[in-house]
Amino acid sequence: MRSDFPVLPDGGASLPSPAGDLKEALLAVDPVRAGRILGDACAASSPVSCIEALVVPVLEEIGRDWEEGQVALSQVYMSGRICEEIVNTMLPPGSPGRISQPKMAIAVLEDHHTLGKRILLAVLRSGGYEVTDYGSGVTVDGLVERVIRDGIEILLISTLMLPAALRAKEAIARIKEALPETRVIVGGAPFRFDPHLWREAGADAVGHSASDTLATVRAMAGGL
Amino acid sequence: MTGGMTPAERAAVTMGFEEPDRVPLFLLFTIYGAKELGLSIREYFSKPEYVAAGQMRLYRKFGGDCLNPFCYAASEVEAWGGEVIFSDNGPPNAGRPPIREPGEIESIEVPLVEESPSLLFGLRTIELLKREVGDDVPIMGSVISPFSLPILQMGFAAYIELLYSEPDLFRTLMKKNEEFCVRWANAQLEAGATAIGYADPLASPDMTPRDLYRRTGFVVAKRTISRIGGAVATSLASARALPIIDDVAATGSVGIGVSTFDDLAAVKRQCAGRLTILGNLNAIEMCRWTPAQAEAEVKKAIAAAGPGGGFVLSDNHGEIPWQVPESVLLAISAAVRKWGRYPLDRVFI
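Read top to bottom, the protein sequences are chains R and G. In terms of the numbering used here, the first sequence opens at residue 1 and continues consecutively. In terms of the numbering used here, the second sequence opens at residue 1 and continues consecutively.
These stretches of chain R come out as covered by chain G in the derived footprint (C-beta under 8 Å, 3 or more residues):
| # | region |
| --- | --- |
| 1 | 72 to 84 |
| 2 | 107 to 114 |
| 3 | 193 to 203 |
These aren't lab readings, by the way, just hints derived from the structure by calculation. The structure presented is a predicted model; accordingly, all values stated were derived computationally and were not measured. Cβ atoms here follow ideal geometry from the backbone N, Cα and C, with glycine treated the same way.
So here's chain R without its partners, still in its complex pose (with noise of 0.2 Å):
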């Protein structure tokens, strides 16, 4: 996966290594040096409290970074790409270490755009959740139909267009009505280019980015 244009580092240095190594390993697409990074520094810990103290932060500050236009959403991309893998490796799907509980789903409403999908279930996964993937083009009925019937806690709906975001709104509000306990994030373009927009569509909370996203989740989780 190492890239052929290799990519200049962005701010690695404002964390200490090996967080700043591996930051920097995986801002230059590097999955073997990362690889490397992540296999030194937990040789002598868990695979859960590894993947706590080193990949969540890591991922978390690749993630406020791009925030602040500091990093580019493919290399956001790529990095939860690379951890994903190499934490599937420490920890395998389904192994008694993964975060299962509470039962968390995410879904693409209404689009074929998967990219902030498959970032979030990267860094979601990178931090040890177990989440259902619903997969793209959901509409509002069939969203509403499996999260009943799985019985989810905390959903993920990523859109990218403006209706879909308008849509969000009657899932959200008919999935409350069945399971009022259910956590709904949303995320996606339409709420980023207008902060109001998910307190409209009756959202718990709003993810302008999958780092922060992981944060909302821990803390939902937490609480649940």
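Starting from the known structure of chain R, arrange chain G on it as the hints suggest.
Positioned in the frame of chain R, the structure of chain G alone reads:
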């Protein structure tokens, strides 16, 4: 200068970095024409005559300074075999991408404009509009850049992975996309388009690190724009532009559409004398503006970027959403006439 300029004269003067009679206003309507004609969006995009009629009505109603024959981004990927999904209240969207596996890049054929119904639709719309307005009103043609089109051709995530890990396939795809883009842009100019909007969101440092862009999308843009036989303005489709102003100027582009997240005054300083700025009203927030807010936003944008020309007031994405109230659009139009008249002294009060 005094009033009485045609929209085309107004745009030409500002693009020459001089002050026309007032700041030009480009209201980039796409689906809004369906609302105006009382048609569903699918029906509206079934005949070029509807789109041309919608554009003319909106031009007269809201007093913009350009016509926008662009229908929807997915029409380009439709020519490549992609599907289009219609919505009741939003732009038709690209469905599943036509390139499912990177290996298909080698065999995918570059569509011919004359054999692509969705592109012929666009050309016919331009011809109809040209017949209506002649040279008095700019008709904005548009293309998706070869560098950004793969977002729709193969999906964003798959394309990012290609960009980082498959340089040979990336180059092959760029070669094909460049050919397509040049043919499509020049066909629009031949049909009567005044200039071409080059949509290149992936060029933004929000999307691609500048270092990588300089070695990929920038080179592609430079090559492509040099082969387009008319003026080209680059749009980053609401992504930030400020950090790559110098790069965009070096591609041969004469204008740049900037984001609502860009500092417009800083953009103006950076562009001065090189690129005309289009922007940067927040078209999503616009849906909930009051007329008074609309006036305040227009005034703020003109104060930041209007002095000296080189500025066209527009939204920051290239599309007025269906949900924007007419009262807001009328307020924008009135405000640009009130606060955008040169000289702009009153703006600074």
